[in-house]
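These protein sequence lines map, in sequence, to chains A and B.
Taking numbering that gives the first Met the number 0, I'd label the letters of the first sequence as residues 0 to 337.
Taking numbering that gives the first Met the number 0, I'd label the letters of the second sequence as residues 0 to 253.
Hints in this document: simulated from the structure, not taken from any laboratory.
One or more of the hints may lead you astray.
As the list claims (entries may be wrong) - When the alpha-carbon atoms are kept at most 25 Å apart in a straight line, the in silico SDA-like pairs for lysine to any residue are as follows:
| no. | chain 1 | residue 1 | chain 2 | residue 2 |
| --- | --- | --- | --- | --- |
| 1 | B | K127 | A | V125 |
| 2 | A | K243 | B | F53 |
| 3 | B | K127 | A | P3 |
| 4 | B | K109 | A | K34 |
| 5 | B | K109 | A | P2 |
| 6 | B | K109 | A | T236 |
| 7 | A | K139 | B | R201 |
| 8 | A | K34 | A | A92 |
| 9 | B | K176 | B | H67 |
| 10 | A | K73 | B | Y90 |
| 11 | A | K227 | A | G147 |
| 12 | A | K245 | B | A43 |
| 13 | A | K227 | B | E59 |
| 14 | A | K227 | B | T156 |
| 15 | A | K76 | B | D126 |
| 16 | B | K91 | A | M133 |
| 17 | B | K109 | A | P208 |
| 18 | A | K73 | B | K109 |
| 19 | B | K91 | A | S229 |
| 20 | A | K227 | B | F53 |
| 21 | A | K76 | B | E93 |
| 22 | B | K150 | B | R181 |
| 23 | A | K227 | A | T237 |
| 24 | A | K245 | A | L142 |
The structure displayed is predicted, hence computed values, not measured ones.
Residues per chain are reported as follows:
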Amino acid sequence: MHPPISLIFFFLTAGTSIGLFIFVYFIEFLKLFGKGQGLPKEVVLLSGVISLILIGAGAIGASFHLGHKLRAWKAVKRFHTSWLSREAVFSGAYGLTLLIYLVIKYFDISPFFEHFFGILTWILGVLSGFSTAMIYASNKFVLEWNTGITVIYYLLMYLMLGSSAFTIISYYYNLPYTGTFLFLTFLFVLLGFGFRLAFNIRQFYIKRPTLNEALNLPHNRPVRVIDKGSTTDNFCTTEFYYEKGKQMLPTFIPLAYLFTFIIPLFLLVYIWITGTVNQYLLWVIYLSILIGSAIERWCFFVEGNHVQNLFYGLYPEEGYKLRKGFMERKETRTSLYG
Amino acid sequence: MPQYALVIDLNTCVGCHACATNCKEWNTQAAFGPLSDFDPFGRAPEGVWYNRIFTYETGEFPETQVFHLPKSCLHCQDAPCVPVCPTGASYKREQDGIVLVNYDDCIGCKLCAWSCPYGCREFDEADKVMKKCTLCIDRIYDETLPPEHRKPACVLTCPARARFFGDIEDPNSEVYKLIEKRQGFVLFPDMGTNPANHYLPRQETTINLEEYEKHILKPDNPLFLEVLRRHKPGFASEETKQEQPEESYAEELP
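Work out the full structure, taking the sequences as your base and the hints as a guide.
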């Protein structure tokens with residue numbers, strides 16, 4: 000699949016925005032039950048404004064992959080069937096309720112409404128991330144994406160970005176949460192690492208369809224593509240098969256692992272062992288996760304193989320090799336010739 | 000519920016691309032046009048086509064067979080491209096089962112193309128909307144046309160008469176009978192899309208030459224010798240034997 004840059008940008012901005020708010024409001028929420036000291040109003044407002052700016056920038060950036068940007072509002076119409084529609088509704092509602100929450104917090108209007116909108120924003124943020132992940136995970140024609148790992152990993156990435164960003168804020172304001180959030184960042188990065196590995200390993204075991212299945216032919220009959228109907232590339236071959244990306248993938252996947260997981264994990268362990276924390280280290284951790292996530296999202300798209308590529312002879316053949324022995328034993332009586 | 004669809008006979012299709020070019024010609028100027036074309040006469044022409052023809056080879060050499068597969072939107076009965084559309088621009092008509100795109104509502108997010116396992120939707124870079132086969136809906140209901148012309152452009156133009164159009168749910172229709180008689184099949188049956196367009200499988204054609212021999216084997220047939228050479232193995236070997244001594248004699252010459 001061809002990676003749309005605007006969607007990668009949306010992931011990074013929405014991920015930091017929602018991830019950051021999840022932790023900021025969670026600390027505020029615990030205060031309701033007498034757990035912890037909450038956060039200074041200044042910190043809540045600062046992180047809230049950052050979240051608001053980022054989700055706004057993400058929404059504008061994401062619209063760049065649309066053919067008609069000014070019609071983007073129409074995307075709310077099919078909420079009952081489309082995950083893209085749900086994502087548009089939830090992320091839009093998240094931005095709106097976040098703004099209301101910040102206004103209530105700034106003017107100290109009402110503690111009840113402050114927490115009401117806080118909880119609402121928190122839920123809408125999680126639902127927005129979940130809906131975005133489901134756009135990919137529900138697509139049963141891109142088998143690499145069509146798994147629960149996609150959703151879990153996607154949400155973990157939001158938490159990785161949010162917790163590493165909040166650690167910087169906590170350090171700047173000298174809050175007592177820096178140590179906790181260093182641990183949480185380590186935990187989410189480690190979990191993310193595990194799920195990304197699982198995502199990659201799973202690709203070797205996917206039972207892939209074959210051109211014979213696409214053409215409804217007996218499985219033991221060899222089929223080759225002779226002509227693709229046009230002398231040049233078309234929308235289907237450029238959108239669903241990114242040849243240059245496939246060539247660069249062996250270089251970019253290790254880079255994604257290095258920046259997203261290895262460098263942050265190494266620095267977090269270094270901080271624990273030496274006991275030295277400074278703003279530069281925390282910024283390097285966040286930026287490393289940010290850059291790594293951008294590369295990882297690019298890889299995620301390029302790794303996806305759409306089944307329509309079968310008709311063009313551009314689909315991986317591993318599946319055919321894996322299933323060949325089984326299919327040859329099975330006696331098929333269907334014939335191309337009637 | 001009626002379901003209009005195309006039935007394509009792979010036994011007769013010669014892969015001439017006439018259906019694709021006539022589809023392009025009609026749809027670029029009719030109600031759903033224009034279909035964009037970039038660099039049409041240049042080195043790398045690119046544009047939107049509702050219909051593309053693929054050619055495949057099956058079997059192992061020397062026993063191979065080539066067949067052509069015209070592929071346009073299959074108007075699936077459980078179309079996966081319809082529910083994913085966030086605006087409702089992509090829809091399936093209840094009265095005839097045709098899947099269409101409302102260009103005024105399409106935002107060009109391409110999610111419908113991602114959800115089509117057949118690759119039958121193409122994004123128009125000029126109009127910035129998703130386009131696909133309409134089964135020439137602007138022809139089939141046009142009462143100003145003679146009834147025999149109320150068919151998709153690809154069906155009317157096919158020189159081999161390999162394409163048929165009709166309601167596949169109507170037992171009295173030509174397409175229903177063809178699917179039943181010739182065991183019509185669909186592409187990617189495991190994907191749960193239930194495509195409406197069907198394909199008729201290849202059949203082995205056998206001709207009993209003996210019946211025609213009395214007509215063919217007449218001395219006034221200009222291809223008399225050629226017919227004998229091809230279909231009478233004995234005649235061919237006798238001819239070679241006669242030529243053999245001359246060749247061997249020629250080789251011996253200094």
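- Task: If any of the earlier hints don't hold here, list their numbers in rising order.
- Result: 1, 4, 7, 8, 11, 19
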